[in-house]
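Participant: With the hints as a guide, bring both chains together as one complex.
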Amino acid sequence: MSNASSSPRHPQGDEVSGRGRILVVDDGITMRLYYRSVLEAAGFEVEEATNGVEGYEKALASAFDLMIVDINMPKMDGYAMLRAIRTDPALCAVPAVTISTEASERDAQQALRAGANFYLVKPVGSKELTEVALMVAGRSPR
Amino acid sequence: MKNAQLLARFIGEARDLLQGTSSGLLQLDRGPGDEAALNEVFRGFHTLKGSVGLFDFPAFTKLVHAGEDILTAVRSQDLVLTSDLVDRLLDALDQVSSWVDHLERSGEMPGDADGVSREMTAALRVCLPDPPAGGGDAPAPASRSSVLCVDAPWLATFAPEEREAALSGATASGSALIAFDYLPAEDCFFFGEDPFALVTGLPGLQCLSVTPVASWPAIGTLDPYRCHLRFRGLVLGPSDAVETAFRYVPDQVAMAPVPPGFLGGEATGEGAAPTVEPWAPMARRILGQQREVLAFALEEDGRAARIESVIRTVSGLLATGGHAARSRLWAERTSAASADAAAMTELLDDWLAADGAAAAAPPASGEAVPERAPDRSRPGQADGASQDLKPANRVLKVDQAKVDTLMALIGELVVSKNSLPFLARRAEDIYGSRDMSREIKDLYGVIDRLAQEMQGAIMAVRMLPVSEVFDRLPRLVRDLARRLDKRISLRIEGGDTAADKNMIEVLGDPLIHVIRNAIDHGIETPDLREQAGKPPEAVVRVAAFQENDQVVIEVSDDGRGIDPAKIREKAVAKGILDAERAARLTDQDAINLIFYPGFSTAPEVSDLSGRGVGMDIVVTTVEAAGGTVSVTSETGLGTRVRLSLPLSMAVTRVMLVEVGDTPYGIPMDHIVETVRVRRGAVRHIKQAEAFVLRQSIVPLVRLDRVLDLPDRRVADDPDHEEAVLVVRVAGSLLGLVVDHFREGMDIILKPLDGILSSVRGFAGTALLGDGRVLLVLNLKELL
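Taken in sequence, the protein lines are chains A and B. Counting along the first sequence from 1, when you hit position 99 you're at 99 in my numbering, and nothing is skipped either side. So the mapping is simple: my numbering equals the position in the second sequence, first residue as 1, plus 1000.
Rather than coming from a laboratory, the hints here were simulated on the basis of the structure. Check the hints yourself; a few may be wrong.
[Said to hold, decoys possible] Listed below are the simulated BS3-like cross-link pairs for lysine-lysine, each with C-alpha atoms no more than 25 Å apart in a straight line:
id, chain 1, residue 1, chain 2, residue 2
1, B, Lys1686, B, Lys1780
2, B, Lys1397, B, Lys1566
3, B, Lys1397, A, Lys58
4, B, Lys1397, A, Lys75
5, B, Lys1441, B, Lys1417
6, B, Lys1534, B, Lys1402
In this text, all values refer to a predicted model and were calculated from it rather than measured experimentally.
Here chain B stands alone, though its shape is the one from the complex (with noise of 0.2 Å):
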């Protein structure tokens, strides 16, 4: 068994379960009703519970533990789910989530973990009704309330000259054995419980093995309070005075009767069947049960099938090897027609006995098991429940990396194809073949087709939903509306739009950061609302769409709204601008300078929005990637924040331009059109100079100077043309005096790292198909 594998495995189910989990937690936290998410959450925990068996992680499966008895009892209506033990839950999901990335990390779970553990464990444990004695701390090795499973390997427990003792004890009394397990929880002594005295008084006792449940450990660390033994042994019955004995702790003993002569034939050897193979104890586990089965069959609906699946089962088991007579027998007392399942059960029966050994024992308590009821079975239902159930969609897990390195190599071609037109160019100019020069650019256009279809695919296997991001909200939402005491209720949409991981990745913060402020600054407690003639509870809205080649953010609340007067108050006591300038300012300028660094509308700044980060720090991550913001309020109404980001980053759109012999790029989103001014067009204005484009001024700027090029001539021919590139740069259009006008193409930008990342105004570099390096231009920060 690959362990790395089956760990790696783990984690990406924890995750998926952590999740589905939490959320479901969250929707029980509003309607404490909801059964299927109850459902959820419970088989969140168990699933859990049951995958991390796999692994040597106690802490965590204890944890998990506690968490699935939890809900448990509230299934079992004993326990009510209030929003505290909610908090406790979610504090044991996030707990788990650490241990997760640790796992992931490292392979094992961090240092503290058992310490962690048992805090949080017994903090959820205090919240069960009537917390079970040994509280789930009690070593795996043996649950008590298991079967037990009286077998030779158990009776070794016993020296031979014991069990023979035992055995005529029984025999002379004439009463039925019994073979006990009785393991103390571990805080027994705590409840008035002594096992020793418990077990030594038992009437009637014949053999007794005690044994350390664990290992020894070292007598420093060892705790003298707690109770490291387990107890078996052999006792006279009947077991109702057995029972009654250990009346007081049921739920740690498991007990069953030692069938006779089970005993004598260990004692004795194989004298009883000296020609046939014994079983294996698995194969007498597996032949006692069959014998269960044939009892329900004759009780239960489907008796044809259980009987053939027990045919069938013991046919298996007997082909297994050294069963040839019996395998002989079997298939001529099954054969017939209509096979008899108390004939069956005689054999099963015969066999068991013939080999000395018992089959796995009948209810250790002897009371009845209670009826589980079958209506919920009936194949018309399982028939409605399957037509429900969509195609399996066949899905693939793939590493990250691996993803990545495609997309890399992808870009790798784009640029590589870049360069057959160049090849093109000089298949003709230098070499003055114009048919292969032809051919080589059909070729460029097969090519081009299929790297932009295959970059295409690509990015679509790196789409993700928005969700993803999105499952986070209901989380956050709530302990931030828990802990400043205001109604929210939170309404989701859209959560299915995809974008490029990358993408999701960089608006996980700021979305957060939105809400966050939303919540502390824009929302108001519900008295002030209920005075405000709004309902008490306030609405956060966040939908996500895609816009041409955006996804598109919103979060809108409906709470106080931006408030101009007090932004431009503000702005002034801060010194950003001064009262005549901030009194010029539309409302719409003033809300935006929350944009400004270091501006904070909040009186104080809270523990929750305000550290020290504002909506600067959302402005630019987001415009880092791309993208960007917008926000728009009325005040008493609410606020409405806007995100836009590409539908991904990898490829960029860039036109190139030509100053002064090189070439620039200039990413496409900026670009609004070209045209061509005559210099007799171009106005003065002061020292700037603007031209008129369909009846609005746009300001002109010279690429040339901006880059500092070197001075050049300027043809004062007023007919020559301008070669103007009209880009809108932070909302206003402005026209970019260049040289020559080029072609656009695609490439993947790299930013622009080592002693170049401090250098202002350029986006990144890229490589031309001719091996030359483009640089490509940010204009926001060079204009």
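Extracted from the complex, chain A is given alone in its bound form (with noise of 0.2 Å):
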């Protein structure tokens, strides 16, 4: 939206270096690489996780300002990852979005029970990805 891409920064001019660091969670190789194409356009730094026992451990293992996770993936899936990563007591209130092909209101609910903060259905476009991303982690928030 044009709000959001004209003036990311904080209006109060917090110390700000770049935009956000975004972890990306999927099993999908052509996803994760478009991900990360959209997203460091639009001046993300970009970590890759490709199932959801990756995604915790990074996502414990250092500060991001946004995760964005798929749903169906090997080993551990995504609802599975984020009520491991809320729940964990290393706190993990990193904002989440999952992005999944599932499009039912039933798959949303699920989402943000499991501790999502936002959900996108597959496919998403790159302007709506980047809008999400500016959004939430536009900047570096503290």
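Facilitator: Have a look at this one:
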């Protein structure tokens, strides 16, 4: 959106060091390349994880401004990963967007219940993806 | 976004997925209860569907979608995965695989893809227990079951005066205004549905918008028996009354109440909160969902993290500009040590209402959201799962052509390096500098070592596991077994044995041919096996291992074996040799006759293994790559075929010999030893010559005669020593008389091509360090 992309910085001029870091958790190599290229074009730093377990470990290992999480993944699916993250004593409160091909209300509710903050339905256009990323992780909070 | 790059990545991913998914299917076919395999297969289709969605290949998407639906039904135990269904899914994967090939070649789907996809999709969907109306054929723009998000653009479907009328209607009647979006299934008429009558008959309909789902096709191609329309409208509640009206098509309708004030706010402009920035539609969706997250936070574990994640989401959103006042308020409200979910929800509600907009709709149907068992997600479990996660290998995918170029360059380097010893000799012989010669030799030693290491490194890059080929086998064996009504268990061993990529490519066809032969001719039907006292299920074993510089692939079966008597009979009948000679053959030699061109032991040529190609093709292919084939068999017990291939065929080691002042190369793997034989020790047997080497008689062949070189005088001195290269050709020893032995060297063998390609007897040429061309002999053809 225009107001989002035109002034992505904090109005009060916090110390801003580029745009945020985003963790992309998806088992599809094509999807990961797609997310990475769209998000990097928008100025984000992107880290990838290929399944829920890896995503879980990476999410707890370093700081991110946003996680983009696929639902259906090997080893640990997106729901389980989000639940694990949210209930971990290390407390991971990074905003999470799930992106899944399942479009039903039930799936959406399940994602939010598991610990997502937002969900999108595949395929997500690059405009939409950039917009969401800018809105939630447009600049590093704090 | 670089589309070509994305497509290339997709093609690679699709191939991997197709491989994994088909082997998963085969596993399922054998053990239908295998949940891990089922999940893998499901995920294969699922990921393919997700990835292909990035491109505009509707035929592709529909087919994998149908496959995914089948597996969803199997997972939910609504459908039993029969062998027939596995066949259909495998067919679908084959089709997808051919599309992927086509995409790689041309970047586009083939012209017939739509038709093929429709047929195969239908073939899959008929298997679904209760085919969903619409069958996934509906165009992508609106998935009917998606949540309807009532926002300004959506409401702009209706004219302002219509909206005002709806609003006044709602205010007058005091009922809620419900927005609905009804996308009838294309084939709804066949189910007796009448979308237009249904919609116009809605009680309390206020506004209605009817639009085509996609742009109208030409009138000639328009199918009047399909519904092409989408209905959107506003209707007066209560919502359960509207739901009742749509009760037969719940999956085609999305509904959401329009919150009070929404339409009014839209109609009168931003009167409610003129001083603040209006929310972008996406921001509104995000904020609306944060309210839901807050609600869940109170019910679920991990409350603190959930609330904190909301705080951060909203903070981030407010920081995107124009929301300074709200940002401060949010910070105040959430800075307290005990951030209060209720207070946050209230604030979010205020903002959304003040903006005159609705948040994302609450559940359309109002039914309880089924709980998902949360126990899998305990952190302890997660830790357990993380332990068996290997550290991710960092893998670089490189275009094959680049590796080939590198290989070719290293080949050139090896050749150039070989010219240093010549230079050293020249330094000594012509310029008389022995010191310089030694320095060059030292330098040569260094460069030689580096070149060899480099060569080794690049070879390692080109190494692929033989599983590249083996992965195709389970499918092949299964299909053949089903067609021939045989029961076969395939055992694969040593799939991780590595060999050069070229070898792997060479290996594919012969291996498949050998396995076909084994299944078609070797393995008996279950009843015949039982009569012979064998278990009805036959075993075909394919094993790979490394032996010296060779990769060996063994295919063995426990079938009926090859009967040497029958082979003899057949060979005589075919006129390959006469009865007397046939009788003299050892059993092993008789069995080896199957390699004879045109020989086939099956009484009739079956459509499987006999397409006019016999074992001779296998031998030709493997030998062209520098390998060997051997077969052993015991009647009634089984057959074993052994294919050996060199690990790599990029660099060939040859020994140089000199005949008539010309050097020739002889591949090192033929050479057994070099000996010097006194002329007097040479025995004459009729026209032929031979000598005795450690108690065995080795025939002698003069290379100059074989090569038709001009006759030279042979010294009669019985003490003259002949240089004899003992070689092994086709299993037997042979002495090759040459003028001089020279050094061994690594060369890059270039096959003879063009007008020379018909010249027999030469494996190819190589460039020598001094610029001369070396002819490398093909002893098998020559002798």
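Participant: Hint by hint, note whether the structure agrees.
Facilitator: Hint check:
1. B:Lys1686 <-> B:Lys1780: holds, 24 Å
2. B:Lys1397 <-> B:Lys1566: violated, 51 Å
3. B:Lys1397 <-> A:Lys58: Within the cut-off at roughly 23 Å; holds.
4. B:Lys1397 <-> A:Lys75: holds, 24 Å
5. B:Lys1441 <-> B:Lys1417: holds, 11 Å
6. B:Lys1534 <-> B:Lys1402: violated, 52 Å
Comparing the model with each numbered hint stated earlier shows that hints 2 and 6 do not hold.
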